[in-house]
Amino acid sequence: MAATDQRNEVFARIREALRVPAPHRHAAPAHDAAPAPNDGPPASDAFRAWLPAVGPSLNDQLVMFAFNCNQLRTELRTLASLDEAAAQLALLARENNWRQIASHRHPLVLPLAEKLALPTLLTDDGYAIPDLERCHAAITGCDALVAQTGSILVSSGSAGGRALSVLPPHHVVIAQRSQLVPDLAAALALARERYAPNWPSFLSFITGPSRTGDIERILVLGAHGPKQLTVLIVP
Amino acid sequence: MTAYAREFKRMAARYTSDLRHRGLIQRALKGYETKRDEYKGRYQNWSEARQAASEIKWEAINHLDRHLAEFITKIEARGTRVFVAGTGAQARDYIVGVAKQNRVRSIIKSKSMTAEEIGLNEALEHAGCTVFESDLGEFIVQLRREKPYHLVFPAMHLTRDEISRLFHDELGSEPTDSPEELTMIARRVMRKNYCAADMGISGANFAVAETGMISITENEGNARLSTSLPKIHIALVGIEKIVPRLEDLALFLPMLATAGAGQPLTCYNTLYGGPRQPGECDGPEQFHVVLLDNRRTELLADPEQRDALHCIRCGACLNVCPIFRNVGGHAYGTTYQGPIGSVITPHLRGLQDWKHLSASSSLCGACTEACPVGIDLHHHLLQNRRNAARERPSLSEKILYAGFVFIMRHPVLYRLSTRLAPVFFPLHRLVKGTFFDPLRAWTQTRDLPVPARQSFHAYWNDKMSNRKARHGGN
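These protein sequence lines are chains A and B, in that order. Residue numbering for the first sequence follows my numbering, starting at 1 and increasing by one per position. Residue numbering for the second sequence follows my numbering, starting at 1 and increasing by one per position.
Calculated from the structure, these hints are not laboratory results. Be careful, since some hints might not be right.
Said to hold, decoys possible - Within a straight-line C-alpha distance of at most 27 Å, the following computed DSSO-like cross-link-like pairs (lysine-lysine) qualify:
hint	chain 1	residue 1	chain 2	residue 2
1	B	Lys192	B	Lys147
2	A	Lys227	B	Lys35
3	B	Lys231	B	Lys74
4	B	Lys231	A	Lys227
5	B	Lys9	B	Lys432
6	B	Lys231	B	Lys192
7	B	Lys30	B	Lys147
8	B	Lys192	B	Lys100
9	B	Lys192	A	Lys227
All chains, please: the whole structure from these sequences, using the hints.
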């Protein structure tokens, strides 16, 4: 049986319901006070004064990002050069016994991934899900790093699609120091500048390796997504 | 009393006397409280942030027609199919229809309370589909053929031993007392399901009007996998999930995580703005957004309680509620438990059937205090009581209060009743709590206060005349 869209009916009900205005309860507790003028809700710049504080300098933000990574159990390596990054990747590959990896064509990421000389699945032109599932690690780029929360903003473009950064058990992000932004508002503004109005279908803030607390509220890493998350910051 | 109210009383009595269950819930919530307070402490000003969140939701809900229309236009422009459902049945029919049309057999589902609300799994199973709940907690309660215990922590009422036994019986796994090993068992089972599923179903935490995107908050990565691998993604979204602007998420995402789970930010906060776009390498070919009314517009039509639609389903009010912490999530018999459930269920499922939930409250206001969007929860509980009594007055209460008023307005009767109380009190003792006791609902578990031997009035008169006598004597 085909269901018919109730758009008109629902919208009519909404308009009818809204004919009686609701009080601005948050405006003033006193009953005799005049209703507060409605200047519209506060803008995102105002949020900064209330959310956890972020230092103004790049160094403050790097320190905060590192602190958050540590709490979230994200491995963070700040590297002095691309060569160091390549060496770090090689070390990760040896330590974790990677035999096949996945990546995507990203000007910063792919040259580093190729230096590992491991069988590499590139997701750019499509892939078979079981092939990606067999990979031991995914190496991707990102759109931004967020100091305030220790998050990594990725999108279908910057991280090789939707699944690459979540299906393999180890996710390695390569980011440039200049990609660090202070907070979520700045990251969203950056995404807007980069993409609007041609938004990608997928944008995600990744904040630490996958986790769950569903059994006795005890933290376990690696629920369904990556068990390990590594961020390599290059100059 | 309705059957729902009777069942609630029975379950509440059972859970409240189960000390093991209470201990488990208290322990689980203790950890949450510590973490929540730690991260709240990092905010420069939590109460201002809360005020702002409340104002943003006020704007979204009080201009819902405008924001919802914008959301639909924007998300449709990128190839999303939007279906607006007036009732749960229409939403179910549409989703089952999409499944049938595409010959879907296996469905991977990420956590959605809205899907629970409309009984979506049952409808899909009836249509011959297999539905796998992928969130660990939901997976556990699905294996137990149970409803979620808590709208954010569905399996918080179970111990690791119970889960280990469940996995052993249902999945044939080796017994273990390690939460980590149990999680890995679920991970292995679910991996196969993600890869084989024909369709992914999710809910949404927010719907951004300005850019036409839904936002999903999760810790495990199951929602990301459910929305990345299958060819079809259906998101079931209540119409109240709207926020006007993309940047509003910079406030809501951290507040949801801190209030709801005691985290600075949830692990994955993902925005979906359409099916796979040209130039993208993966993602579903079809993306459907089902917008659900299901009597939310009735709540919208009540200006006094309209702010209950500001709810972002963080579960903070459950976690602090002395009632929830004693009767537990299953006693409620509703999709949405705790204070917010007690407030909205009468609107969604009928006031007379569900008014008892509004009466099961100490009105302590802890819920209102905890709510990150400042919903006036405990006053709404009072309003539900008032509305229920106004709509269907209770005869016994009417008689009781009329009698009380009559006595209070006649000093002679009042004085007589204070004299008679000490006489009747020992008589009441004989029947206290039994069938013959008209006050048994109250006195079964409580003692009536012993009437004073002397009224204050008499005491005062005595005191005054004594003083006069003393002064007169000197």
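Structure-based check of each hint:
For the suggested pair Lys192 of chain B and Lys147 of chain B, the alpha carbons sit about 24 Å apart, so the restraint of at most 27 Å is met. Simply put, Lys227 of chain A and Lys35 of chain B have alpha-carbon atoms about 22 Å apart, close enough for the 27 Å limit, and the pair holds. Taking the CA atoms of Lys231 of chain B and Lys74 of chain B, the gap is about 22 Å. The hint holds against a cut of 27 Å. With a CA separation close to 26 Å, the supplied pair Lys231 of chain B and Lys227 of chain A stays within the 27 Å bound.
Under the criterion of a C-alpha separation no larger than 27 Å, the hint pairing Lys9 of chain B with Lys432 of chain B is consistent with the structure, at around 20 Å. Pair hint Lys231 of chain B plus Lys192 of chain B holds up; C-alpha atoms about 16 Å apart against a cutoff of 27 Å. The suggested pairing of Lys30 of chain B with Lys147 of chain B holds, with an alpha-carbon distance near 23 Å, which does not exceed 27 Å. For the hint linking Lys192 of chain B to Lys100 of chain B, the alpha-carbon distance of about 22 Å falls within 27 Å, and the restraint holds.
As the CA atoms of Lys192 of chain B and Lys227 of chain A are separated by approximately 17 Å, the hinted pair is consistent with the 27 Å bound.
Checked against the numbered hints listed earlier, the structure breaks none of them; every hint is satisfied.
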